[in-house]
Amino acid sequence: MKARTYGSFLAAAATAVIVTGALLFVPLKPLAGQDAAKGGAKGAGKGGGKGGAKGGYQPPTGPTPRKADGKVDFSGYWVRPYTPDMSASATDMDGKPFPPENAAARGTAAPPPPPPDPNAAPGRGGRGGGGRGGRLLPYTAWGANNWKNYDPGNGDYTGACLPFGLMRSINSPDPLQVMQDGAFMAYLFEQNTWFHLFPIDGRPHNKGIGTWFGDSVGHFEGDTLVIETVNFNGKTRLDTNGHPHSDQLTLTEKWTRTDMGHVTYEMAVHDPKTYSQDWKTLRTFTLGNDHIMEYSCEENNKALYEGRIKAPKYDE
Amino acid sequence: MKAKLAVFAVGLLSAAVPMLAHHSFSAEFDNTKKVVLKGSVTKVDWLNPHIWIYLDVKDEAGKVASWQCEGGAPNSLTRNGWTKNDLKKGDAVTINGTLAKDASNTCNASNVTLPDGRRVLGGSSNPDAPKE
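Residue numbers (our numbering), protein chains in the order written: chain A, 1 to 316; chain B, 1001 to 1132.
For the record, the hints were derived by calculation from the structure and aren't laboratory data.
Where hints are given, some of them may not hold.
Dumping the calculated DSBU-like pairs for lysine-lysine here, alpha-carbon to alpha-carbon at most 30 Å [to be verified]: (1) A/Lys313 - B/Lys1084; (2) B/Lys1058 - B/Lys1084; (3) A/Lys302 - B/Lys1043; (4) A/Lys313 - B/Lys1043; (5) A/Lys280 - B/Lys1101; (6) B/Lys1043 - A/Lys148; (7) A/Lys302 - B/Lys1038; (8) B/Lys1038 - A/Lys235; (9) B/Lys1084 - B/Lys1043; (10) B/Lys1058 - A/Lys71; (11) A/Lys310 - B/Lys1101.
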């Protein structure tokens, strides 16, 4: 198609900036049930601001709930920070953050910050050299090459409504409903109305074909539920920004319900093909008072139908 | 009522309020190409994964062009108190958005404003927008 020109055109000098994982999920209304949500929502939404979370819904307080057998109960509607870039909050397994990544050259470290300006007024020194949140994960050669060459314009599986996979679904801005009985836990993702069901009674993994969401098994270590997921098909990405993984990925989640209204969630990545060392992220989930809704990604995916998004092709 | 056209690309990076996206924004839209559309709504599709706002925009010469602009996801808009009736056929609107890479009359709507200045359907699917 011909490029468009317009009556008044100001040349765009800036390059695209990717908002990375520093963005938390801040709804335009309080984190609330639907009744409170509508009241807060109309005010906040039509006010156009992000103040909905201020002075709004507060999660319930109280001790950590438990099942009849004494195991911690993780059931609930969990609001999670939208995490489009896991690298922004990633650390090594000892909790040390990785260095800033060069936003203009994936897979390389950001240049050092300029020296402080001795003539600068107090409080107005130069910014650090790290860009806006992206950090340099410990890639192997394969991982770095994969990351450098990733272009969703060549095939975007989530844009094509293919299964997001476990990590991408956890990172999604859409709510998650967790249901738990004695032997099983189910993640009910509003994102595309997907689910992921897995045992939490300590049984071993199945040995089947690789899948989009992987094969998960869980067990309790004290009050922490540890969930290990393996056997991924390697067709997904860890986050919206596209950080890579292979079919050798093992994800280890640790759910700790610190009180009625909060979960501390740790996710560790082990993928020796993609990363030279393990790394992890830590975030807090908040209990909401709502329920998940149906979400049919496929019902009007105009971007795909009209060719602006390409579906990826997978070779077996 | 067909509002007068103002279609121009601006070099400034708009302060979008990102809402929820299920996929890479930059695969579809060019964050360096902004547009402001002033026109009349012809249809609103309140469907997943994104709502779509269709509008007729008249240029200085009086020629009408049809545009389509992607909005947020219906579920998140609903939770924020919006409904498909908040914008109706015939409403005059100003849409600040980001152009699609395919050079069609397609944008991602950062914000939608009525003539009296009220914003409706707050938020966009633009997580790649500059930090708001």
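Structure-based check of each hint:
1. A/Lys313 - B/Lys1084: violated, 35 Å
2. B/Lys1058 - B/Lys1084: holds, 24 Å
3. A/Lys302 - B/Lys1043: holds, 15 Å
4. A/Lys313 - B/Lys1043: violated, 34 Å
5. A/Lys280 - B/Lys1101: violated, 35 Å
6. B/Lys1043 - A/Lys148: violated, 41 Å
7. A/Lys302 - B/Lys1038: holds, 23 Å
8. B/Lys1038 - A/Lys235: violated, 41 Å
9. B/Lys1084 - B/Lys1043: Holds, at roughly 10 Å.
10. B/Lys1058 - A/Lys71: Judged against 30 Å, a Cα distance of about 64 Å means the pair is violated.
11. A/Lys310 - B/Lys1101: holds, 13 Å
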